[in-house]
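Colleague: Here is how the chains run, residue by residue.
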Amino acid sequence: MTRINLTVDGMKVSDDVEPRMLLVQYLREKLGKTGTVVGCDTSNCGACTVHLDGESVKSCNVLAVQADGHDVTTIEGLAKDGRLHPVQEAFRECHGLQCGFCTPGMIMQSIDLLNHNPQPSEQEIRVGLEGNLCRCTGYHNIVRAVQYASGQLVAAAGEAGGVAEEVTPA
Amino acid sequence: MIPAPFDYVAPSSVEEALAALQQHGDDAKILAGGQSLLPVLRMRLNAPELIIDLGRIDSLRGVRDDGDAIVIGAMTPHSVVGADPLVAEHALLVAKAVAHLADAQVRHRGTFGGALAHADPAGDLGGPARALDAQFVIAGPAGTRTVPADDFFVDLFETAISEDEILTEVRIPKHTGWGAHHEKMVRVAHQWPICAVAATARVEGGTIADIAIGLANMGSTPLRARGVEEALRGQPATEDAVRAACGRAAEGANPPSDLNGSAEYRNHVVTVMCRRAVLGAVQGAGA
Amino acid sequence: MTAVEAQPMDTKEIGRDRRRKEDARLITGRTRWTDNLQLNGMLHLAMVRSPFAHARITTIDTRAAEEATGVVAVLTGEDLADTQGACINAWAITTDQVTPAHPPMPVDRVAFAGETVAVVVARSAAEARDAAELVEIDYDELPAALDLKEAAAASAENGGALAHPDLGTNKSAFWRFDSAEAGTGGDVDEAIAQAREDGVVLEREYRQQRLIPAFMEPRSVVVDPTGEQITVWSATQIPHILRFALAATTGVPESKIRVIAPDVGGGFGGKLQQTPEEMIAFAVARRLGKPVKYTETRSESLLSAHHGRDQWQKLTLAATKDGHVTGLKVELLADLGAYVALVGGGVPVLGAFMFNAIYKFPAYQFNCQTVLTNKTWTDAYRGAGRPEATYAVERLMDELAAELGKDPLEVREMNWIKHEEFPFTTVAGLEYDSGNYEAATARAKELFGYDDLRAEQKRRRDSGDPVQLGIGVSTFTEMCGLAPSRVLGQLNYGAGGWEAASVRMLPTGKVEVITGASAHGQGHETAFSQIVADRLGVPFEDVEILHGDTQVVPRGMDTYGSRSLVVGGEALVRAADKVIEKAKPIAAHLLEASIDDLEFKNGRFGVRGTDQGLAIGEIATASFAAHNLPDGVEPGIDADATYDPVNFNFPHGTHLCAMEVDTETGETRMRKYTCVDDIGVIINPLIVSGQVHGGLVQGIAQALWEEAVYDDSGTLVSGTFTDYLLPTAADTISFDIDHTSSPSTTNSLGTKGVGEAGTIASTPAVVNAVVDAVRHLGVDDIQMPCTPERVWKAINTAGSGGETVDAAVPHLSTEEGQA
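Protein chains in written order, with this note's numbering: chain E, 1 to 170; chain S, 1 to 287; chain G, 1 to 819.
Calculated directly from the structure, the hints in this document are not laboratory data.
The beta-carbon is built from N, C-alpha and C at its ideal position, and this holds for glycine as well.
Treat the hints loosely; a few may be bogus.
[Said to hold, decoys possible] One side of the interface only, derived from the structure: several residues of chain G facing chain E at Cβ under 10 Å: (1) Thr94; (2) Ala402; (3) Gln457; (4) Ala519; (5) His693; (6) Gly758.
[Unchecked claim] Result set (DSBU-like, lysine-lysine): computed pairs, CA atoms no more than 35 Å apart in a straight line: (7) G:Lys314 / G:Lys510; (8) E:Lys80 / G:Lys12; (9) E:Lys12 / G:Lys21; (10) G:Lys314 / G:Lys21; (11) G:Lys510 / E:Lys80.
In isolation and in its complexed conformation, chain E is listed as follows (with noise of 0.2 Å):
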């Protein structure tokens, strides 16, 4: 067991772990941080993603030991005062997600994206979101989440092709 003291979304917490205890576990089954989840054994699915002292990493692929004196957010951390961060806001206008599985990791990897590019092209979305997989949406509706986000789209109520236009430059 190794003695660990950690920041996970504001929460100053200190546990006895073992050293194969991945992030994602620790999260999970010890601080019941269970918004981050679990989708694959080889680091493809991305669902793990939370942010590790600011940045996005998946937390499958870092042991709870490594964390240790650092800071970790989690999607259970990213509203404040009852107010939802603009991405998770946006996912929802959007529908950029269906069963949500996927959901945590896209968005914190969808905040890391706009916080390194905030003004990025589709493609560079696309591209950005390339360590996360989905099997609902198709990405279509992910990507003009992040489009909205960054305040690329508006809204476009009550299209039955569409969700969000982008915005027609005045």
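Use these hints to put chains S and G onto chain E, whose structure you have.
Modeller: Okay, now just chains S and G, sitting in the frame of chain E:
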């Protein structure tokens, strides 16, 4: 999904890490960024007794200018390498390859030295390292030695690093003003490439003054396409010349046959990708 | 076009793109996946799985595992033989179907690599996994039936490998439909003979490769035996069917079992199963009297959760020289894998009625042989039988057009059912209620820019561009809304196809709705709320949809086959209507008016000609208090309804795809994808668009990327997400989708199923486009998935590109290095 149990140390200096390696020998495994090691442990394909985490050794991180070379610390994350201005100026090929490496999360966590030491022949950095004649600085009980890229990659997942040694930094001779292009073929974005070609070239007055080409997944180690390089050195940077020379891209290659393509296919497709990579590089060099 | 009858309600909600109710929890991580559950004293399971495709189990030594830290028990098939129940096949497609017994844990012989042989029970999942490595099992390998065609030909006499040697054959069932015999059309052999003389005969063989549903949430099950009822939480699409199967095969009374499907992370048919893992967990929990949990890894999921597709399709199409199809003969081999799964052999039969698709073929014959092999069992995967059928016929229509030098849309139009011909009884004997193929196709052509892309294609061909452009067409229809119970009975299916619903009017005026459909990402809570809100005239926010728990929802048939809305939604409508009927006499009584003078509008009973009235919520309150009810009227206005559909419904669509093919490398890139689907009345356009997008990518993935590959020893080599290639956002594009609408006449909402539409049509559209791009180079087929190598080989040898090499290079090294 759960690794077998192991002990864990996180030394704060290379000396401490070497001492731990010395003490535990084969039973120990070095953890760099962990982006390839942790999947292996989770799948229980390997079960070391001790993990030596280099993550707390600050001296292994960062990119610096060292005269005729730039030096990339082994523990520098890919995302830092990819954004570094020295890399962009003097080793553009590395920046281009890093942009294609895995995904954003893995680039945040995975390290330059870790990926090279892992020596997956399909990895994105082996080809550029060979093309740029990188020098691998390896620390061991007897001190430090430097191994050229041509000797570093020994076989599938095997390098010149001995069991009691640690890769500390990679020196890349400056290729200032060279154009560069990384051509990578994947079926889907998150998989290992069918093959990849890393080309970098210096063009003078419309002539290819110098060129270097590295190949990934065309054998058990990253390769140099020396035949193509020889055929192109001093040649006009035209599409016809490049096309003719790149027919030799698979010379000496021994690619795998797998779910994503047969050896025969790889031997063909590498010639096309080589042409595109070289044309991209010479264009980037101002041809 | 047939119009639906005017609705007796205002449709404020129906047709509105309401944001989903489900999302508030899902986007904040406030989720209840089965694996999230932690119960006091809960034990964890790890499965020990066979590495061999076919082997006799000689010894199992569990001693070392039992000694390991934290281990409570190690159990084998022999230990659980009397209590583990069985995995059932609910649909014997013929009366003489050969169906091997399927114990959840076999006692003496394994029939596929990945089958569970022993289970370790420990205090933690980690300890269970550690101890599982210590279980020592000796096997005697047996010859394995792996290749589908070879397995079909094998017999005890010819010495071919048999998946189950005691059965003496690998052939499970042969199922035929013949339009001449059924009286629904002509004789197909005559049509083919005639066409050989004066028409065109196309003979093709297509491969439907094996796919893996690959839902994002790995399956998980928790069983708690500590109460009077045994509670099972499972990541399943079918809580009700699972409860029945548990009871029917273990002898535990159904009333003692409660099954809950909490948040379920996708299914696509892959969780339409009664799994060995559920049965094992149930048996272990009962034996130990403690709650247990089993959550599979992704690798275990790819290996042991059921696969889909896996057919060889031999097709003979007869047509006149001007392009009128005169007959279609279909001969299928379908790989069942090691066991006949829950629906199993029924999957190809679900396609049997769809090979004639939207067309007026005069003669049709369908033959299917299901075959047992020593591979993972197969069952429903998105579309289940219908994508396979649509692929075959839509590939053939393109081939026919090419053969005749006609535009593929023209050939289709010559053969399809005209909109004025509905309702139309097909050569397969189904009555299509409504449709307008002309309208959908015209809209698709316009959106796609068909003529411009054809012009670009010609330019590229003429200039010898190394990157060629191909345009693929696919239309589709499917029978969805599974299913009229009477039809299921005729097909020998083991259950009915109805759906149940209840509407509970709470004293505060809020509404609880109970549905037997069991959502796993589709958005039932939102769409169903919209339906009920309109029907009862209550606010959308006041409706709560409850589902997925057999104790809350006593009766249900669960979710699959694009049935939830068209069957489950109709049940809701009927239950809501009953509530209104029950409320009416109470309203009349309280308003001191005659029932005949009441009208129900916008959630309010009004007295005609006055401004007097009462809201339905007020009636609920009054009925709860029961202080002043009419004589003989019971308190409560809740109502139940069960709806058994009288017919299927038939969504359709026209899909157009443009693919660029790099002729030097064989790489393909999607340039544009347009689809116009007619799914009748749309409840929520937002949800519908999401269903279409997601369906498209699954279908495109079959065309281009996905394939479950076994090696010669029966090992699944595409056994992780590193080798089973799901596409990412970077591999896909944005789609242009639109809808035309011919309301269904088989349900009162006018809706048609949408869940499978995108998947069914997109696979042939993509392959047609790839083939079209290189047809001028002598290519007339490329086997799926159209890998760069297959495309390149097809160009260079004018063949279909051949089989996948059955090897996966390791990237997860066991070697040295710092990583």
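Colleague: Which numbered hints does this structure break?
Modeller: 1, 2, 3, 7 and 10
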